Amino acid sequence: MRPTPRYLGLIVLLAMAGFAAVGFFTIRRDVEDLRVISQDNILWSATQMEVELLRFELSLAELRSDLTEEALEDVRERFDILWSRVFLMSRGRVGQVMRGYDEGFGSLKKIATYLEEIDPVLQALHPEDIVTIERMQVELEGFQQELRLYTLRVVRADTVASALVRDRIQSSAQTTAIVSIAAVLLSVLSLFLILRENRRQRELVRLSRQHAEEAELSSRAKSRFLTMMSHELRNPLNGVLGPLALLDQTELGGVQQRLVGQAQQCGRSMLQMLAGLLDYAEMQDGRLFLVRAPFSVAELCNSVREALASDGAADLAVKVLPGTPDRLDGDVDRICQIFVHLTEYVLEARPTENVSLSFGHDGKALVGEISLGTGDATMDWKLDLLMGLSDVAADQVSADALRPLISRGLIATARGMLSLEDGPGGRQVIRVSLPAAPVKSERIRIHLETRSSALATIYQAALRSERVTFAEPEDTEPVDVVLVDTTSVGEDPLMSRLRERFPGALFVSLGLPQKPDIFDDVVEIPSDVNGLRRSIFSRVAS
Amino acid sequence: MPVKPVLAAWARRAAVMAILAILAAARPASADDDILLTLSRGPDNVETLAFTLADLAAMPQVTIRTDNEWTDGLVSYTGPLVRDVLERLALQDALTLRFTAANDYYVDIPSSDFRRYDAIIAIEADGKPLSRRDKGPLWVMYPISEHGELRSQEIYSRLIWQVVRIESL
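For the protein sequence lines, the chains are Z and S, in the order given. If you read the first sequence in the numbering used here, its first letter stands for residue 14, the second for the next number, and so on. If you read the second sequence in the numbering used here, its first letter stands for residue 157, the second for the next number, and so on.
Okay, chain S solo, but in the shape it has when bound (with noise of 0.2 Å):
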């Protein structure tokens, strides 16, 4: 196992968990402005599960290289595995799942497209934080480059950006 990426994977983290600890010491505290991600199953969506940048980031972390239609080339994307966040609220067994954008878009996936293929909820684009501007904070990638078969636009609507919410239908 290479030494070096695993170095460098743990100097970005810390890095990134740094920024996040400034950004956090400098801005009001505010339960609500560090939840970037809630996820809701059961009737009406009774149960629910919120996430914040620093939950995700001390995820289990998966960088695929890929490109997509709205960026340039191959951009390695870091964040945690879908079906390790649906997990956590047990979300993995549902049939569909509805992620819902900033501005209300939203896009019902096959919770079986997770366990097929290692999409993540990245955080991360070529080391750098994801922005708001820039279809960030949490930004739905699958591994198009390694399967052939993503290449649809069908796949390329369920990569959602500015993700807020996960539900279950």
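With the rest of the complex left out, here is chain Z (with noise of 0.2 Å):
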């Protein structure tokens, strides 16, 4: 089915608005014509002609029957009245169409120069004069004919351009009814196009819909055996990489000390390519998600530099700038990841010392901003494929987009933003932004209650970082959170004892204790240090 093209629609439009155009003009033309014929005052004029000269033949009789000054004055009135009727011939619009109406017949003329003639006649008549009053009766008489038939040519050339009119709006109704009837089969036509282009748009919403699902069908499954097989293969691997460790701690030769450190780089490497694999495919599959929680600035970096110094980057700058919070909200993990997929990345292009990894922030994102010196123009192509200025396409991925790709998917799933830009001295400035805002860093005062020494040593230990201290068992400062070993026997008195010590502190029981209720919280398998920390900084949060 061929595409109805864009333009007809308006094409059908202008042409029905065209033939509605000829139709009302070709009406309103014929319509002012008739009003004009039917009012036209060329018949009345004639036929006023016939009756004046009637009315002055009567006021002659009169006046010869009754031979007074007055019957010839109302004679000279009549006159006067039959003279302005005959010469409205002389002047105007109607006087032209009288003229035209008596021309090859000469009427009016006859008459109106046999009234000039009897002008001065009239003026020195003496009502007595009945001869010259007869003369102009008879006189007359003959001109009665002329304006009768000079009546019937205005009213014959009327009829006949009424009728011409007639016959011009006859054609004009049928110009009219064509014009509705080809309205009509056009506006069915558009009917008609616009059906079969609706149709045809379904059809093709059908069809982009139906093949967007098998797209993603074969994309979801595409995206599962990559996971499974990134699972699959990582295994076999760490099963590598773990009796290659073992042999690394034997004594060995230098040149197989050598040995086994390269296959344990390539392993490593591996291991990461196959990370990058599953984390590809859960951004595919939509299942990738951010955990966003507090973390410290001064971490994520520490992170990203180890990470880097084991894949042989240890030379690698990376800093906090002045002025960072401490602690931001974000998915430490994933932006740590970002920046080691990045980093490595560009250090493929660039030696290390020409390149530094930097964080800050602008009040409402994290930036990191890794500065690249100049270095082999012939990996710029490496940039442009960071930045997604290369044409890849998803059935083109190769080893060297993997982390570019991930590195992007991560940064548009955390709405973040990277670009691309020149610093100073020549410098080229990857900076990628990502929003976490600041987090208030408080510090933890802990009171630990406990007879053994040996489980306060372990619980300081793993508990002990920046935000939390522990309070000296004679301290008498006010702590956040007090633990309490519930092997301490004499719970109720001690807890007394504890909550006038320490009001409005948080009680955390370790272990199960014979009276939960008189604790905050409890913390039941006390070995569990993350559940235990995670108890402690979420309830002092609250």
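Some hints could be false.
Quick list of in silico lysine-lysine cross-link-like pairs, BS3-like style, CA-CA up to 30 Å [said to hold, decoys possible]: (1) K123/Z x K235/Z; (2) K377/Z x K332/Z; (3) K284/S x K528/Z; (4) K377/Z x K284/S; (5) K453/Z x K332/Z.
Counterexamples of contact, computed for chain S against chain Z with all Cβ distances above 10 Å [said to hold, decoys possible]: (6) E203; (7) D211; (8) T219; (9) R221; (10) R244; (11) A250; (12) R271; (13) K284; (14) K291; (15) R321.
Don't read these hints as lab results, they were simulated from the structure. In this text, all values refer to a predicted model and were calculated from it rather than measured experimentally. Glycine included, C-beta positions come from ideal geometry on N, C-alpha and C.
Taking the hints as your guide, dock the two standalone chains into a single complex.
Following this line, the structure appears as structure tokens:
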């Protein structure tokens, strides 16, 4: 089915408008003509001349009968009126049309000439001059017939003109009917074309949806396959890396040690690539989610540095810019992954000494900048690939493109931005901006109540950090959390004493107590240090 | 305000008055002869008011320059406003007025015409008194050239000449 050209609708509309305009103006012109003909003054003027001629004759008859000055004055008045009717032909549009009807006959000319002849006679007429009056009566008789024929010509011409207009109106009506039929046909045609186009569009939508669903299913299948293979490959790889590590701890010769080291590095690279594949598959499948939690920027910096060092980039300068908040909210593991991927990627194109990484904060987002010094220009295609400037089709993903793909995918998932900018000294800067709100850093003071010095040492070692400090046993300063070893005897009096000593503190039981109600929180398995840390931080935060 | 046209109008009016006076002196004195226009109103038109040419000439005069179907080109017509004449017998509020000519032809005109347009009862054309032979002595004239919407057969039919009577319907 061929698609309907878009301009066809416009042509149809213009054609319909043209037909409508032609019909409208034709009918309006004919109606105007009919109105003019029906209201023209010519027939009325002609009949008025006949009437006034009769009235003049009548006044002459009355004069002949009365023979008075009053009757003569009436004759003169009637003569003037007749004069005004006849001499209408001399001027104006009406006069022009009147002369047109008299062309070739001269009726009006004759009567006008006669009126001019008798004008002085009438002015000098004596009421008793019966001879002159009778002569005029006889002469006027002849003009009756002339005027009657003139009126007849006007009537006939009027009839012909009316018939002409009627014919034109009939023609206009036919034209209008044809136009209407054409308009209806065009409307039906337009409707048909619209329906056909609509059906075509719906078919296209259905096919597109079908293709999209097929592509989605195919993509998911591939992603799941990738995920499965990544898992399956990691296990044997770990099986290789483990013995290699053990082998490395044995006494080996220099050559063997170098070979083992090479094998370990290749194994770690492969392991990292598999992890990347797993992430890529999750992104493709829409199953990659970020887990936001407060993290230390310094710790992030250390994590990135360690990851890079393990991959042979121990000399890389990684720093936190002054003024950067200590703690931010975000998925620190994924953030670390982004910067490790990006840095390792650019290190393939630039020597380590020409690359530096810094972390800062612009008030809303964590800003990581990878500063690149001048390097091999032929490797600039790597930067284009990183920025997505090179077209890489999904079915042409190469090993080079995997890290940029994962990085960009993670940045997009975190609603961040990636840009390549010109920095000072001709350096290039890869700028990654990831939304991360600063987290108010609060130190937590903990009082540990236990009789076991061994347990105290274990807990202090496990929980101590930048945020956590332990109060000395005899310290009377307020604390935020009181950890109570439930193996301590006499809970009730002990708790009373502790609450009196540390009012407002959070009381957490280490182990299941006999009376859980007297504690704010209970950690049933105290050996789960991570669970204990989460419990403390979440309760303190709330 | 231009002085010359005012003087010319006064001079013309004085000339008309002089001619009328001469004509009146030359002809036998008769009240009927002088009355050119009669206004009437009320039941059976019992209230009437007669106008001589001198009465009409004594009223404020208005000149309109216009063309029509019966003349060639533009002609200056002078005479009192129709609404001023009607006011003399309080006919201005009548819905419709019947204008009758010397030959008994009549036309009914809505009084709104005279409120909307400066129609006059012309007694002069191009400075000369209208004669009976030239659609006079009184010709109702609309300012057609000033108002395009007046160019219609309906309005042309209201340009009644040799008018002798105006009555309310």
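Status of each hint after checking the structure:
1. K123/Z x K235/Z: 113 Å, violated
2. K377/Z x K332/Z: Distance ~19 Å between K377/Z and K332/Z Cα, so the pair holds.
3. K284/S x K528/Z: 131 Å, violated
4. K377/Z x K284/S: Given pair K377/Z, K284/S is violated - Cα atoms ~97 Å apart, limit 30 Å.
5. K453/Z x K332/Z: It holds: about 21 Å lies between the C-alpha atoms, which stays within 30 Å.
6. E203: 27 Å, holds
7. D211: Label holds. Min Cβ-Cβ 21 Å, cutoff 10 Å.
8. T219: Check passes; 20 Å lies beyond 10 Å.
9. R221: 16 Å, holds
10. R244: Nearest chain Z Cβ is 26 Å from R244/S, so the label holds.
11. A250: 25 Å, holds
12. R271: 25 Å, holds
13. K284: At roughly 15 Å from the nearest Cβ of chain Z, K284/S sits farther out than 10 Å, so the non-interface label holds.
14. K291: 6 Å, violated
15. R321: 15 Å, holds
Checked against the numbered hints above, the structure violates hints 1, 3, 4, 14; every other hint is satisfied.
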